[in-house]
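A.B. asks: Protein chains in written order, with the numbering used here: chain X, 1 to 337; chain Y, 1001 to 1349; chain U, 2001 to 2582.
Be a bit skeptical, because a hint or two may be false.
As the list claims (entries may be wrong) - Below, a list of computed lysine-lysine pairs in the DSSO-like style, where the Cα atoms sit at most 27 Å apart:
id	chain 1	residue 1	chain 2	residue 2
1	U	Lys-2509	U	Lys-2338
2	U	Lys-2228	X	Lys-56
3	U	Lys-2201	U	Lys-2141
4	X	Lys-56	U	Lys-2171
5	U	Lys-2174	U	Lys-2201
6	U	Lys-2053	U	Lys-2131
7	Y	Lys-1132	X	Lys-252
8	U	Lys-2428	U	Lys-2444
9	U	Lys-2053	U	Lys-2141
10	U	Lys-2094	U	Lys-2560
11	Y	Lys-1097	X	Lys-252
12	U	Lys-2228	X	Lys-77
13	U	Lys-2201	U	Lys-2509
14	U	Lys-2141	U	Lys-2178
15	U	Lys-2141	U	Lys-2099
16	U	Lys-2141	U	Lys-2131
17	U	Lys-2221	U	Lys-2253
18	X	Lys-252	Y	Lys-1066
19	U	Lys-2400	U	Lys-2338
20	X	Lys-56	X	Lys-77
21	U	Lys-2338	U	Lys-2444
22	U	Lys-2428	X	Lys-56
23	Y	Lys-1098	Y	Lys-1066
24	U	Lys-2037	U	Lys-2054
25	U	Lys-2037	U	Lys-2120
26	Y	Lys-1343	X	Lys-252
27	U	Lys-2178	X	Lys-56
28	X	Lys-56	U	Lys-2201
29	Y	Lys-1042	X	Lys-252
30	U	Lys-2521	U	Lys-2201
Stated by the list, open to error - Listed next, with one range per pair, are the computed distances between beta-carbon atoms:
id	chain 1	residue 1	chain 2	residue 2	range
31	U	Lys-2221	X	Val-125	45 to 51 Å
32	X	Glu-229	Y	Gly-1144	49 to 55 Å
33	X	Asp-60	U	Ser-2116	38 to 44 Å
34	X	Phe-133	U	Lys-2221	58 to 64 Å
35	X	Phe-133	Y	Leu-1107	50 to 56 Å
No lab work stands behind these hints: they were computed from the structure. Model, not experiment: these values are computed from the prediction. Ideal Cβ placement from N, Cα and C applies to all residues, glycine included.
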Amino acid sequence: MTTYIIRRLIGAVIMLLIVSMVTFAIFFLVPRLAGATPESLASRYAGRTATAETQKLIADRLGFNDPLVVQYGRFVKGLVAGSEFDTGASIEQCPAPCFGYSYITQQPVWPDLVDRSRVTLSLAVGAAAIWVFAGVAAGVVSALRRGSFFDRAAMGIALAGVSLPVFFTGMISLVFFSYSLGLTAPGGTYVDFTVNPAQWAYSLILPWITLAFLFAAGYARLTRAGMLETMNEDYVRTARAKGLPERTVVVKHGLRGALTPIVTIFGLDFGLLLGGAVLTESTFSLNGLGKYAIDAITNNDLPKVMGVTLLAAVFVVVANLIVDLLYAVVDPRVRLS
Amino acid sequence: MSVGNGGSAGHLAVRDLSIHFPTDDGLVRAVDGLSFTLERGKTLGIVGESGSGKSVTSLGILGLHKGGHARISGEIWLDGEELVSASADAVRKLRGKKMAMIFQDPLSAMHPYYTVGHQIVEAYRIHNQVSKAAARRHAIDMLGRVGIPEPAQRVDNYPHEFSGGMRQRAMIAMALSCDPELLIADEPTTALDVTVQAQILDLMRDLQREFDSALIIITHDLGVVAELSDDILVMYGGKCIEYGTADDVFYRPEHPYTWGLLGSMPRLDRAPTERLLPIKGSPPSLINVPPGCAFHPRCPYEERTEGRASTEVPGLLETEGGHLVRCHLPREERRAIWENDVKPMLETT
Amino acid sequence: MALTAIGTVIALGLTACGGGGGTPAGTGGGTAAAGAKDAFNASLTSVWNPSTKKGGTVKMANPGTWDSLDPGDTYYGYSFNFIRLYGRALLMFKSAPGKDGNTLVPDLAESLGQASDDNKTWTYKLRTGVKYEDGTPVTSKDVAYAVSRAFDKEVLPHGPSYLNELLNWPKDYKGAFKEPDRDISSAIETPDDQTIVFHLKQPFGSFDYIVQMPMTMPVPKDKDTGTKYQEHVMSTGPYMFDTNEIGKSFSLKRNPNWDPATDPNRPALPDRYEVALNVNADDIDNRLISGDLQVEVSGVGMGQAALTRVLNDPALKERTDNPQLQRLWYVSIPPEVKPFDNIECRKAVQFAVDRTSVQRAWGGPLAGGDIATGMIPPSMDGYKQIALYDTPEGKGDVTKAKAALQACGQPNGFETNISYRAERPKEKAYAEALQQSLAKVGIKLTLKPFPQGDYFSLYAGKPAYVQENNIGLAVNGWGSDYPETYGFMQAIVDSRTIRDAGNYNLSVKIPEVDQLIDQIKGEADAAKRTELWSQVDQRVMEEAVTMPGVYARSLLMRGKGLTNVFVSDSQQMYDYVGLGVQ
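Working from the sequences, and respecting the hints, build out all of it.
C.D. replies: So, in structure tokens, the structure goes:
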């Protein structure tokens, strides 16, 4: 078990290193290969009235003229030890972990990321709680009452949930529940949990449900398929033969057996989601990481885009690691290997 | 022993049990009008090919078809309680306590995610109000009694950490944990190595004596039955076609199907693949059971019934002293065939 | 005259491209604010729901975010409009509906600029008693500092660079951050605390239009934090920052040190402004409709989804205004790209195009705009209808187009490319509409999308690239930084602005037009100037080197509960200085 954990940890660290290289390459190497010059890179930071001289100055200041290895080294050093940025008027600190410094808002990216993560985390946790509960419950009931009206209805809704895009369901629910009925908060009214938990939940309930709808569908189908399989397993028959109440048989034996793929998918979904639920956040104007990324892309704010990309990749790697570890908890057979 | 019309005070009495499953293709008559009784301390072997309805019978007795879409009729009496008409919950409470089951493949029959000990404790604590610690001690004790070495350590192992034979021992420990009055073993040795098979059978015989339970062994393997059973019930197409003491069935079998089974029984003095009296064809579909005698399409003596075999369902009739046979052939003719044709072939080889 | 770097147009950065996704027509909708009758275009020429009631909060949202809140670092039209709430430039546009809003009035200054006879020296006297939010008096030195700090485009890159180019800065000046002690008296002098004098390199009669821009809003040197100044701008207007989270939201509260006696231009009715940034555009539209939000601050107009809903609901439509913008969408036809070196081929394109399909591509008459026949938008001096390329119902004339092709020596048509900005769906639709129209006469267009960030610097605005890659048509758009024809036209029709790269004028190289422009610069009579501009427009169209698409319009919705709502011609959106709430 210990070696298993250590192996996974080392794998995760290597993965993060690769992620940092790939991210760096995407933002600095690929544009160069595509013909961008240090000046044209700098023009993104230079505003639209910039003269060629200004662009050159900015390119020098941002170090775009240095060899890529030096730039990567500076990037990694910033992550580990922090770095400084010359804005032309002053030297600004970017303390570790320095995920970049935006020349458009003149802010280090990391505090933004931390700030935005709170929103995304709030969104993800609430939505995940709903979709796991609703999806798994619907899946279990569907499987147990296979072919019943409930099963058909639930699977029909699930299909709709998977196929309908969030901006569609989100917009419809906003128009209906918020603008027409006034039941839920309109978009863009997020209140932090620490300020007022009730307001927090009120402002997020619609995004939660919308996002959960998308995911619950998948989990319902996955659970149903898994349950159909496990409920036919010999060990479920054994559990019944022991005289266990049906609830225990279904939950403790049937569902537990169907849990492994759900845990796997959940880990990946959740990790991805932490990197930003772009559509949901845009639709509901939640200032989370996804919205941050979209806004940064719109404004051509590369350091922010890169920061979010890197952080999102970290989330996925960490989620993968946790899934691997959970695997061992869920399925004792994994611990041997 | 009286079988067929019930009424006797057997510990387990099954009367006219039918279990039918409606399907899209038609009604599956998995068990059709089955009756037998069994006393505590006695062993009944139910023998038949796969699809003959023997496993459905055992699950039916345990009430595991309840709540599904099976149509069950008849009566099952266990220790004075009727189970077919009882509520699902009432039967559930008897399961594991008064009647327990050992399944064919212990690897798939035990939950891979829980320790062996946990699964025994779970079975025990459902029916006994004891602390976890006490249940655990009981589980260790049970594991010891079924011959698992170092039970105090093995109790925390997962099923995949056990060998096949050990797993079946653990399975037996689990089944016996509540000291059931009726134990049903469905092909308990099929998935095991031959050497382990013998050990398990010995163990079951010993434990049955020790616990004094009634035992039903379900198998397609007459060899297993021969070792353990007091009585034997041969099933074909969902019906009992021969019933009697082990001696009756082994030494004086009267049904052509039983002869076929005996002929295909592996013996040390014969090559295992060799079949002396091959049963031609394959078991009948339970949806379209052949009219008349279900066995007639495969029966080598079908023409001797003058067509009755394909039109008239033979009754299960007593030939002597509780030995029941379902066959159109006159008794004398059956005996003559056995004595003159079949038995010599089995013995001479 | 070298207004070389007149910015790309304010609104260009914010082209309306209402969201995809389907918002269904929901319930809910418009009821008139109490006391005022809703009507379509009710606030275009007069004040809708006038009121003097003070108090309340105006809730605004922006689908994007400010380039910067720093007065020296911003170049969006709506920002110029909004910034007047917390800053006072030397002059400002009058806060009044319609044409009246096009007048310049003194703000920080006592009067409009006093020009020397040669229009090269401009003097402004500041009002007395104007203070910052902390109570410090405002002096002319702060204005001079503000202008010299905004000079540094490396630190404050976003703002317009008019003053960089117009003023007679010392040689190799680098701006107030890098050379704080440099003597800049050749450009700006402050003989006393109330006087500021600007020295220009060349005569410039429209200088007043330049100093109404936010770069002349005073900045106290000791409070300047350079790139971080936008986090806390020292207010001189009626409102100051209460909260400010860059990129997320900010709010304004009353500035206790603003003295209404020094400020005749601002009614300052609400107590508070709250602005959310980066809010989903469709969401904003829906919240405007429901009343949860009062102003879409960027003034882009409603998106496609809401538009459909509004147009199908008379009650909602009555709450909207449809101002015409001083913005033109058009296509440049570079005459050096073959076969457009032949004027007949250029004319063939003009005749072939179905202008109604172009209008549809831009969003129809309400959200897109009016079919354009020349370069000067209708609300600007010198506008006239030009009938040179009229076709039946505007749908194109295949016969005339083919005749022109014949005359060009290309009777069977030809192949060429059309460029547009990849990020802009409407430009793509525009290019596709042209592609379809021209295909009817055998002119085959290939679509060439380019990234908008590099569109002018590397692609369409770079003559060498255009010629090499056969960009026969280039989608272009232009809006005015200030409502004066010179400011609008010079950058896009004067051939002398054309450089190696970064051009906005992609095709107009007509010596006669250059002469006319020079004539206009020297012409004192406004009516004559107007007439000369019409001639310029006519000449450009005769040469067929540009093909006008639409004069842009936007559809704005009056938020529920607002008072004093009006669109001024200078802002071409609701005037934020005038607004109040019930």
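A.B. asks: All hints, please: hold or fail.
C.D. replies: A quick look at each hint next to the structure:
{"no.": "1", "hint": "Lys-2509/U with Lys-2338/U", "in the structure": "16 Å, holds"}
{"no.": "2", "hint": "Lys-2228/U with Lys-56/X", "in the structure": "23 Å, holds"}
{"no.": "3", "hint": "Lys-2201/U with Lys-2141/U", "in the structure": "21 Å, holds"}
{"no.": "4", "hint": "Lys-56/X with Lys-2171/U", "in the structure": "19 Å, holds"}
{"no.": "5", "hint": "Lys-2174/U with Lys-2201/U", "in the structure": "17 Å, holds"}
{"no.": "6", "hint": "Lys-2053/U with Lys-2131/U", "in the structure": "25 Å, holds"}
{"no.": "7", "hint": "Lys-1132/Y with Lys-252/X", "in the structure": "17 Å, holds"}
{"no.": "8", "hint": "Lys-2428/U with Lys-2444/U", "in the structure": "16 Å, holds"}
{"no.": "9", "hint": "Lys-2053/U with Lys-2141/U", "in the structure": "36 Å, violated"}
{"no.": "10", "hint": "Lys-2094/U with Lys-2560/U", "in the structure": "24 Å, holds"}
{"no.": "11", "hint": "Lys-1097/Y with Lys-252/X", "in the structure": "20 Å, holds"}
{"no.": "12", "hint": "Lys-2228/U with Lys-77/X", "in the structure": "25 Å, holds"}
{"no.": "13", "hint": "Lys-2201/U with Lys-2509/U", "in the structure": "25 Å, holds"}
{"no.": "14", "hint": "Lys-2141/U with Lys-2178/U", "in the structure": "18 Å, holds"}
{"no.": "15", "hint": "Lys-2141/U with Lys-2099/U", "in the structure": "34 Å, violated"}
{"no.": "16", "hint": "Lys-2141/U with Lys-2131/U", "in the structure": "13 Å, holds"}
{"no.": "17", "hint": "Lys-2221/U with Lys-2253/U", "in the structure": "23 Å, holds"}
{"no.": "18", "hint": "Lys-252/X with Lys-1066/Y", "in the structure": "20 Å, holds"}
{"no.": "19", "hint": "Lys-2400/U with Lys-2338/U", "in the structure": "20 Å, holds"}
{"no.": "20", "hint": "Lys-56/X with Lys-77/X", "in the structure": "25 Å, holds"}
{"no.": "21", "hint": "Lys-2338/U with Lys-2444/U", "in the structure": "14 Å, holds"}
{"no.": "22", "hint": "Lys-2428/U with Lys-56/X", "in the structure": "32 Å, violated"}
{"no.": "23", "hint": "Lys-1098/Y with Lys-1066/Y", "in the structure": "17 Å, holds"}
{"no.": "24", "hint": "Lys-2037/U with Lys-2054/U", "in the structure": "21 Å, holds"}
{"no.": "25", "hint": "Lys-2037/U with Lys-2120/U", "in the structure": "49 Å, violated"}
{"no.": "26", "hint": "Lys-1343/Y with Lys-252/X", "in the structure": "53 Å, violated"}
{"no.": "27", "hint": "Lys-2178/U with Lys-56/X", "in the structure": "16 Å, holds"}
{"no.": "28", "hint": "Lys-56/X with Lys-2201/U", "in the structure": "26 Å, holds"}
{"no.": "29", "hint": "Lys-1042/Y with Lys-252/X", "in the structure": "35 Å, violated"}
{"no.": "30", "hint": "Lys-2521/U with Lys-2201/U", "in the structure": "15 Å, holds"}
{"no.": "31", "hint": "Lys-2221/U with Val-125/X: 45 to 51 Å", "in the structure": "48 Å, holds"}
{"no.": "32", "hint": "Glu-229/X with Gly-1144/Y: 49 to 55 Å", "in the structure": "35 Å, violated"}
{"no.": "33", "hint": "Asp-60/X with Ser-2116/U: 38 to 44 Å", "in the structure": "40 Å, holds"}
{"no.": "34", "hint": "Phe-133/X with Lys-2221/U: 58 to 64 Å", "in the structure": "60 Å, holds"}
{"no.": "35", "hint": "Phe-133/X with Leu-1107/Y: 50 to 56 Å", "in the structure": "33 Å, violated"}
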